[in-house]
Structures are given as structure tokens and as C-alpha cells.
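Place chain B on chain A using the hints.
Protein chains: 2
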Amino acid sequence: MIKILNYSEINGANIFSRETSSSGVEDIVSEILRNVKEKKDAALLDYCAQFDGTAPEALEVSPEEIQEAFAAVDNKFVNILKKASENITTFHSCQVRNSFILNECKGVITGQKVVPLDKVGLYVPGGTATYPSSVLMNCLPAKIAGVKEIIMVTPAKYGKINPIILVAAKIAGVDRIFKAGGAQAIAALAYGTETIPKVDKIVGPGNAFVAEAKKQVFGVVDIDMIAGPSEILIVADQTCNAHYIAADMLSQAEHDKMASAVLITDSPELAQTVSLELENQLSLLPREEIARCSIENNGKIIITRDIETAIDMANEIAPEHLELCLDNPFDYLDRIRHAGSVFMGKNCPEALGDYFAGPNHTLPTNGTARFSSPLSVDDFVKKYQYTYYTKSALSKVADDIAYFAEQEGLLAHARSVTVRFDE
Amino acid sequence: MIKILNYSEINGANIFSRETSSSGVEDIVSEILRNVKEKKDAALLDYCAQFDGTAPEALEVSPEEIQEAFAAVDNKFVNILKKASENITTFHSCQVRNSFILNECKGVITGQKVVPLDKVGLYVPGGTATYPSSVLMNCLPAKIAGVKEIIMVTPAKYGKINPIILVAAKIAGVDRIFKAGGAQAIAALAYGTETIPKVDKIVGPGNAFVAEAKKQVFGVVDIDMIAGPSEILIVADQTCNAHYIAADMLSQAEHDKMASAVLITDSPELAQTVSLELENQLSLLPREEIARCSIENNGKIIITRDIETAIDMANEIAPEHLELCLDNPFDYLDRIRHAGSVFMGKNCPEALGDYFAGPNHTLPTNGTARFSSPLSVDDFVKKYQYTYYTKSALSKVADDIAYFAEQEGLLAHARSVTVRFDE
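Residue numbers (the working numbering), protein chains in the order written: chain A, 13 to 435; chain B, 13 to 435.
The shape of chain A in the complex, shown without the other chains (with noise of 0.2 Å):
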């Protein structure tokens, strides 16, 4: 059963806070950074070989496998991707922003350039969970953006990969697809192979490694937040439907074991019930033993006074997901501060903004949503700034700068600005 609290019992900042381990997970990783950065492709292909059951013939995917792989995945599936895809595409499309250019004053010009970046990377994960929609929500901002060339990793199990990722691939606009999984395809990205160009930026979720591997070669290249377990806020009031509810809490739950599903509401009566609807539910999923392990152990149901307290609890906590379960949502859309992706009113399931709406489902977790965004364009730009004077403004302003510099005890700066005005 789920936990039901009260409000007065629980440090809101710290409620999807849980203990990550992953000791000994530094060492194998530098050791297989170190190994891919000095022997290339055949410390890469080794650890295909490893890890894979097989080193692949050739490491990238061909023209002809990604035909094949159209050809395995349902014409329905495809279309759906396509929508998808398209909705992700005018959501994002929204966050392009324009170079700027200032000239105020004769002679004096500033400006700010937004400049794609040139090469990313996209890691898509292998094994058991398997998730297009992830492929899409990564690449897509990246090809709105304009970056010159996208360059996808995935582990190839005995040599293949699973067809609707090469398809959401295709359809995002993948440029190249190499089949390699795990750090050593973070190392092949970050420091380039014979085969694998070397990229400015990797994105994408994985595993621990994956994970270990992309804080490691933080600064060599750029990298996208390390998301920890996913978790959602729900806000309801005695107005909602426990059915849903509850269903929108396992939605999260079967994620993995460490997901976070917690409900805040002002009815004891609504938590009652969706208690009960959360056990009658979790018995009817294929996935009952990871949501069951998720919602006893890290998910809750809190009782507050009323639902303004509700929507401070929600700022505090900073949520990846926030679900406004209420009549009158955008009523709290001003109170919101510190959320990833909300949710509004009680016809938006998380699992909406997770394929389809067009929203990123990218998000920043345990409560980094305080000072984090939602994977955007934003991420696969970035801005340089121009500066240009006449030496006929620049003298205007010549005697201030030397003035400044010296009080910063800085000759040679003063000089550089009074040189070209000796005579």
C-alpha cells in the first residue's frame, strides 16, 4: 500500500529524494574512456564484442538496413511517429531565437550571433526498454536548431537494432547511425574515432555507465543534464476522479523501480480511494512488480490544508513532471515557479506530453527544475557576441576605459585603448 502523510510530516524539498549508488562504476568507465581515446575503433570493436555478443562488420548502419527496418515496423506505427514528429517539431520550432544587433550611436555597434552547433551526438539506449519516442524528442530540437550533423549511437545486440529506433531515427533526421552502446560509444563521441567523428555536444538517456561516462567527458565536450529517476507531483482536489489518478501515478511508476509517483491533495476522502484504486490497478499491468516496488517505496499521498498549500508544496519540491488535476488550471498557472512539464487539468496525462503533445519530455529531476529547463533548442545553439567602434566613438570613450582599467590596476588595458590615440 501506499503511504498517505500529512502535509505537516513532510520536508517538501527533499520528497523525491533517493539514495543512488553506483560504486565501482567510475573506474571501469575511465578505464574504458582511456582505452577507446588511444586505440580508436578497435578498443570500440572489442567492447561491441564484449558487451554485444558481437563486434558488428561494420560500424555504421547502411542505406539498406535502415530500408529494412521500414519495411518491419507497421505502416500505423510509422504515421504515428510522423505525427508525433510533427507536433514536437511547431512546439520547438517556437523556441528559435534570432541574432540581435545594436547601433544606438553613430560609429558604435554590438551585436549577439546564435550559432548552431556543429556535430552532435544522440545516445540511444539498447536492452530491454526500448523508446523512439526518445530518439525524437532529442534529435528533433537538434535539427531545428540547425546543427550541421547528427550522429546517433545505439547498441546493437548480436549485431541489430531494434527496427523503430532506426525508423523514429529516420524520421527525426538522423544523419549517421553507429552501432555502439555504453561508455565506449561516450568515448567514441567525445574523442573521435577512425570511424566516429568527434562531436561538440552528446545528448541522450542511459544506463549508469552511460551516465558515469558523459560526466567524465564533461568539458571535452558539452553534455545535456544527468536526469535521475523520473518522478511526478499530482495536485488534486475531492473534484477528481481516483480512477484516473491512479492511473496516471502507475504510468509512472512502471518506469523502473526507483520512479517517484506522489499525489498532494486536500481530500482525505480522494486519497482513501486512490489508494485503493492504485492496488486494484497495479494488479492488471504486465509491468505490476516495478510500479508495485516504485509506488511502495518512494511514492506517497500527502494531505494539505487546501490547494494553495498544495501549489507551494509543488514550487518547493520543483517536479519533473506537475499534474494540475483541477477545474480551473491556468487559475495556478502564475503560482507555478519551479516545474519541468505541467500538466493542466484532468484530460492531460503525463503520457500525452511523453509521445505526443510536443513539449519536450526531456526533463530536469530531483528538484533541478528550480534552476533547469526542459531540453530545448536552446541546447544546440550557441551565442557569440561582436563588438565594433569607429576610432571616432572609440575616442569619445577612451579617457573612461583607461580610467577604469587603472582603477582595476591595469595598465596595459588602459594602453591598448590610449595607444592608438598617442601621437
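Fair warning: there could be bad hints in the mix.
Identical copies carry no separate label here, and so any pair may be met within one copy or between two of them.
[Claimed, not checked] Calculated pairs, DSSO-like style, for lysine-lysine (alpha carbon to alpha carbon, straight line, at most 30 Å):
#1 K269 with K172
#2 K160 with K125
#3 K118 with K169
#4 K95 with K125
#5 K395 with K160
#6 K15 with K227
In short, the hints are calculated from the structure, not lab data.
Using the frame of chain A, we list chain B on its own:
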């Protein structure tokens, strides 16, 4: 003397890479962080006594101390600080982004809200280098972003803070100032103490201990980039004045011995005259020893075939500062992809940007301009997404979403949608 090399001898991407070692710092810093996290103000005051000569009577700077600082700083400098602030404000105001909302289908709303961070901590170094320009460059973008509270920490040697730092802080709009420096001040901002509030993000430069402390608290709070030693790359042709170029190179070199100034030119004559000019001008500098060490160890003049090649090298190097000392710098703007801040033309010494023109002076170093950006308003906001569907709108896509979820093997995801239409 500075080294003069042919471009064929150069591996562009590594031109600014220098060994930086900070052995031993890690353990010292983690102990300081642990202590301040546990014992809060008490530990902080102990460290102040140990490192700054005295524990201040009150950690927070009082309004009287601010008044005294204004009395101690000459009016001319106050006015220059205000003018610089205006320029920085004008430039950074162009970076402010609007939220957006999409409502293209009946019953479907998606949007992205841009929200300023709640609390930001600003580290300002004490010691020999007193940089009021850093106070302006770090604080003003946060202010423009709408950050609710900007909290500055800076070491007070024997209880005193340099008055120009206090004046700059006040002009830039810092809300509260505390007398604390080093790793212990970073710990106070990351964890909070009885006196110093916990913040969401820490920005600002600092020594090796401060940099290491920022790295270690990253995740608990956000941090800005960890800046490496400063760099300038100057691209110049035979029409340039060697006198000016040498002065610009020395303005970089005087920062510290690790700083690095590199000239790329297609003119062997210019290379020679700049080399001689450097020697002449070095002897004029109060910080000659530092500048000479930087020029001799890290400085270079590279002779290329032509300016096109020089621009290609600049992109490969992705320098922090790039001066295009050319008659027609705007002809090359579209070619520039990777740099922090670009100074266009012959009358745009870097010092103009360090203090005055408006663009930020906190810039990506060591090649990270390939994927990182200058400090900007973006660093002080975060975004969240929201989604609203009516039941009718959800009904139209329910089957597609359920099918998508089934393909990923996540049946509870599918159920969370279909359950709303079971009767």
C-alpha cells in the same frame, strides 16, 4: 621573445591548452564544504579568522558601510561605473525572452514560460585583483533577468572590503553583501547558514579553491562555467599598426602568467615588428614580470598563407576573445562560428569590451566556445513547459498515444490515456 611559427607547425585546436594542476585542492575544499554545511556560521567565521585575518563582527555589510564606500570613491569613477552599467544594461536587455503559447487546434494549448531564478549568489574575489567590472558583468544580467534576490560574497581582509567593489555592487543592484570568501563562502551559498541564504545558482570568478568548491556543489545548486586562463587571438593583415597589436596582446598577457595572447597574420613583416614592439612595450608595464612570463611561455605569432586560413584557424581554436584587426571586419562575420567575444576592426581593443561596450566579459575559454556562450540573461532564467487538452481533444489522439506506448512496452502509459474513455 615571443615564438614565431608557421601555420603548418600548428595544431590549431590545441593552441591555448596549458597544463593546470590543482593537486591537493580537492580534499581541502571538500573538508571546508562539509564543515560549513554542518556548523554553518560558526565554521564560516572560523575560516574568516583563519584566511582573512579576522572574523567580521557582522557577516552582512551594513548600509553605513555602503555609504562610507561611496564617500571613499571619487565621483569620476562612480560616473564611469554608471555609464558602463548603462551600456551593459542596454546590450543585455536585448537578451530577454518572452514566454510563448500555442493554440492552433481546438482544445489544445501548449506553452513555454520563462521564469527568473529565485536567488543567485555572486562571488567576488578579494586579494590583489579588485575587479568592479566583474561585479557589473555578473550582476546586471541577473538583475535584468528578474532574479528576486542577488547575494554577493567577497572576502574582507581584516574586516574591510575595497570600497570600489561595494560601490559597483550597489550600482549594479546587488541586494545583500556578505563578508566571506574562498570555498567557505561557496559552501554558505550552496547550503545556506543562519545568516547567508541558500541560493539556486552561484556565478563569478575565483581562485583554484573557489573553482573547486563550485565544481563540488554543482548539482546542489547550478553554477556558471569554470573559466580557464584568459586568451586572446588576433587576426591581422599587413595594413595593421604593430604598435596597437602589441598593446592589445599585452593587455591580455598582464592578467596572469597563464594568460595567453596569439597573433595570426599573413604578413611576415608584421610578425617581426609586433615581436619587437612587444619587447619595447613590455618594459613600460608595471606588471612586466607577469606579462613577460605569459608572452614568452604562452604567446605565439603564427604566419598563415592568407586571411581566409587565419579565419579557419580561429574557428578551429574557438578563442575566448577574437580581434579581427582588418579594414573590413564585417566581410568576415558570417564566417565566424566559434568564439566568445569578437572585436571588429582596428579600433576595438579587448579592453573596450572588458569594461564598457556592453557585451559580457565572462566568456568561454579553452576551446569551449564551440559549445558554450558568454554569460547572459539566459543564465539567470529557466523555462518550464505546459500542456492543456480538453477531453474532446484528448479523445482524438488517445488511440495514437496508447499505440505508441504499447510499442515501447509501457502499458500503464497507454492505460492512463484510455482509462479516461472507458465506460
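Against the structure, the hints:
1. K269 with K172: within (28 Å within a copy, 54 Å between copies)
2. K160 with K125: both (17 Å within a copy, 28 Å between copies)
3. K118 with K169: Neither way: K118 and K169 sit 64 Å apart in one copy and 44 Å across, limit 30 Å.
4. K95 with K125: For K95 and K125, only the inter-copy Cα distance (24 Å) is at most 30 Å; the intra-copy one is 32 Å.
5. K395 with K160: both (16 Å within a copy, 25 Å between copies)
6. K15 with K227: Classified as neither: same-chain Cα gap 35 Å, cross-chain 36 Å, threshold 30 Å.
Of the numbered hints given earlier, the model fails hints 3 and 6; all others are met.
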